[in-house]
Amino acid sequence: MAPRRRRAWPAAAAVFVEAVVAVGFAAEAADMVQERLTVGMTIVADAASTGAGKPRRDPPRFFPFLLIAVCLDGSPPAYHLHRGSGAGARSWLLQFEGGGWCNDVRSCAERAGTRRGSTRLMTKVEVFSDILSNRPFMNPDFYNWNRVKLRYCDGGSFSGDSEYKNGSSVLYFRGQRIWDAIITDLLQKGLAKAKNVLLSGCSAGGLATFFHCDSLKERLGGATTVKCLSDAGFFLDL
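The sequence shown lines up with residues -22 to -1, 1 to 216 when you count with mature numbering (1 follows the signal peptide of the UniProt record, and there is no 0).
Certain hints may be false.
Pairs of lysine-lysine residues, derived as DSSO-like cross-links and limited to a Cα-Cα distance of at most 30 angstroms, are as follows [claimed, not checked]: (1) K205 to K102; (2) K167 to K195; (3) K195 to K173; (4) K102 to K167; (5) K205 to K167.
Here are the computed distance ranges between Cβ atoms for each label pair [as the list claims (entries may be wrong)]: (6) N174 to Y142: 35 to 41 angstroms; (7) Q166 to G18: 15 to 21 angstroms; (8) K173 to S146: 45 to 51 angstroms; (9) F188 to G145: 30 to 36 angstroms; (10) A65 to E13: 20 to 26 angstroms; (11) T203 to L15: 23 to 29 angstroms.
Since the hints were made in silico from the structure, they are not lab data. Being a predicted model, the structure only gives us computed values, none of them experimental. The C-beta atom is built at its ideal place from N, Cα and C for all residues, glycine as well.
All chains should be modelled from the sequences, with the hints used to inform the complete structure.
Here it is, written out as structure tokens:
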């Protein structure tokens, strides 16, 4: 009987170790849930009246709609900002939200009635994780930077500047002006004094990164180091 008892000890020890590891993982997961960072939405309510919302030339007085910078459905643009601290107080990470494109009137009209086309339908609080996390062991390079999530609601990677009357409603393709309006708002909140800026995005957000990298550098000036990271930002026409 003694040999059997000796053989049973390794198995019992293995079970004990597995249980300890499982408890440790569960405790860490619970800790992460409790400490997850949630960030409220900032609405750029005056986007239509700021310089960013104005056209590149004076519009005819019978076309006042040319002054607006809004989402597909006409709702105002928005972003989420979590302030940096310490050595990262003058560094900024701007992340474009992804979400594909709409490709015709029908798909864009459908999109206007979802969170992809309206800030009215978006969650007003977002969890900041991964590259937006404020936890050093999860995000060692950017955890203490000013981190911004730019909400995507124009259906064209922050690049359009037109509108289309669709029956009794209007579809607004004002992505370029949304971008301008958000940057104008952030400049007033410290972006103008940034030392380092990383512009990033995934999918449709990665494409927006290509579109706006150079213009952001021009707008911030030579005193700011600007880098851009496009993740899966190539849309292939196959």
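Here is how each hint holds up against the structure:
no.: 1; hint: K205 to K102; verdict: holds (29 angstroms)
no.: 2; hint: K167 to K195; verdict: holds (17 angstroms)
no.: 3; hint: K195 to K173; verdict: holds (12 angstroms)
no.: 4; hint: K102 to K167; verdict: holds (20 angstroms)
no.: 5; hint: K205 to K167; verdict: holds (20 angstroms)
no.: 6; hint: N174 to Y142: 35 to 41 angstroms; verdict: holds (39 angstroms)
no.: 7; hint: Q166 to G18: 15 to 21 angstroms; verdict: holds (18 angstroms)
no.: 8; hint: K173 to S146: 45 to 51 angstroms; verdict: holds (49 angstroms)
no.: 9; hint: F188 to G145: 30 to 36 angstroms; verdict: holds (34 angstroms)
no.: 10; hint: A65 to E13: 20 to 26 angstroms; verdict: holds (22 angstroms)
no.: 11; hint: T203 to L15: 23 to 29 angstroms; verdict: holds (26 angstroms)
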